[in-house]
Amino acid sequence: MLLREVEYARPGTLEEAVALLAADDGARALAGGQTLVNVMKARAASPDALIDLNRIEELKGIELGADGTLEIGAMTTYSELVASSEARARPILGEVCAQIADVQVRNRGTLGGNVCSNDPTNHLPPLLVAVGAEFVVRGADGERTVPADEFFLGVYMTAVGPGEVLTRIRVPAGRGDGFASVTLGADGTCISNAAASVEDGVRVALGCVDAVPVLLRPASAGADAVRAAVREAGLEPPSDVHASAEYRTHLAEVLAVRAVDQASQRRS
Amino acid sequence: METTTSATITVTVNGTTYEREVEARKLLIHFLRDDLDLTGSHVGCDTGNCGACSAIVDGTLVKTCMMLAVQADGSTVETVEGLADGDRLTKLQQAFSDHHALQCGYCTPGMLMSATALLRANPHPSEDEIRKGLQGNICRCTGYWNIVEAVKAASE
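Those protein sequences? They're chains A and B, same order as listed.
Anchor point for the first sequence: position 127 equals 1146 in the working numbering, and the numbering is continuous, going up by one each time.
Anchor point for the second sequence: position 43 equals 29 in the working numbering, and the numbering is continuous, going up by one each time.
No wet-lab data here; the hints were simulated from the structure.
A couple of the hints might just be wrong.
What the hints assert, rightly or not - Here are some, though not all, of the chain A residues that point toward chain B, as calculated from beta-carbon distances under 10 Å:
id	residue
1	Glu1077
2	Thr1140
3	Ala1230
4	Leu1234
Said to hold, decoys possible - Below, simulated DSS-like cross-link-like pairs (lysine-lysine); rule was C-alpha separation at most 27 Å, straight line:
id	chain 1	residue 1	chain 2	residue 2
5	B	Lys118	B	Lys138
6	B	Lys12	B	Lys77
7	A	Lys1079	B	Lys12
8	B	Lys77	B	Lys138
9	B	Lys12	A	Lys1060
Fair warning: this is a prediction, and the values are worked out from it, not measured in the lab.
From the three backbone atoms N, C-alpha and C, an ideal C-beta is built for every residue, glycine too.
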């Protein structure tokens, strides 16, 4: 498919990328392109300019701090994360990245692109909310850090504003994590998913049921408490060809319990 | 630094280096097929699902319908045309023929590139690993059985 005519630049530094994005309201950052290029084909998005982040070294790489905190460059691909020995400090990250789409998509798709596109069916938004990640965002005025529960604002909308770039994702130390999903075929699009962490109290984040991940804090990791928390959330998920709202609500409860069970087993 | 709607790129495809002016909006698959006349890589779904356009860029398997040609500037690209040495098929290609791993053949170039990338990274994959390695490639004829058999045979 021929895309609409588009301006393009491939900056080598973050400063240049931020300047280019700030200079044009119609400019969009191009990360792995595994979503953006396709929505451009469909004319669902028609940016005037693409600022390609693929050759900015400072957006790549994974570092493991002395306290176990992971600093993940936003342009890290899923495959790079899966292969990273540092990332094994928080094993759930690689396990979930290994079940996104297919080899080719994992080779190009990036963690930053996944969260910044904030498609409600994506795997990483609920996972990063559950583990209490932080997002480092750079703009012309400098750098700021946004906690995960404030990062996702709406369908396809995040705290990364015009003229800004997500630079790093910071994940605290921990192992007591779980993830469960029902997908369209193996490793396909999620119909419903849930991520859980029992490191800092019980945190459950539900995906696919609202515009942004729904964060719950059940009183305990017991199945009854988790089910009660999901029911109290009063979910009103969308209905579509894959699942009715009623079925998604049912799945959310089941998957939340599975994710918390997995997290509890790993914690102990 | 300024933006531009076209650029001159240098790309090495199957050992030959090409320098071409391309529009920024041109997908890598169209550059390969239309500008370089390398029509082995196919456009199937054009939505990133089917994998018929798969090629290896700088050693990494990608779907070339989800990458701009300008992004391949300075890269080394391998397509299905680069596999055989004249009439000498690779072991994998011969195995596809021997095991009837294709019917209409439309998916075959992508399947071969994905399987080539898989066998480089993992010369002796299990059946599960083969299926996982080919999950980005859709075949509507074979039911995958003979494709998996062919990859298995090529890995022995």
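Now the hints, each set against the structure:
For Glu1077(A), the interface hint is violated, the least distance from its beta-carbon to any beta-carbon of chain B being 16 Å, above 10 Å. The interface hint given for Thr1140(A) is broken, as the beta carbon of that residue sits about 15 Å from the closest beta carbon of chain B, more than 10 Å. Taken as an interface hint, Ala1230(A) does not check out: its beta carbon lies about 24 Å from the nearest beta carbon of chain B, beyond 10 Å. The interface hint given for Leu1234(A) is violated, since its Cβ lies 30 Å from the closest Cβ of chain B, which is over the 10 Å cut-off.
For the hint linking Lys118(B) to Lys138(B), the alpha-carbon distance of about 13 Å falls within 27 Å, and the restraint holds. The straight-line distance between the Cα atoms of Lys12(B) and Lys77(B) is roughly 34 Å, outside the 27 Å bound, and the hint therefore fails. The straight-line distance between the Cα atoms of Lys1079(A) and Lys12(B) is roughly 26 Å, inside the 27 Å bound, and the hint therefore holds. With a CA separation close to 11 Å, the supplied pair Lys77(B) and Lys138(B) stays within the 27 Å bound.
For a cut-off of 27 Å, the pair hint linking Lys12(B) to Lys1060(A) stands: about 11 Å separates their Cα positions.
Going down the numbered hints, you'll see the structure goes against 1, 2, 3, 4, 6, while the others check out.
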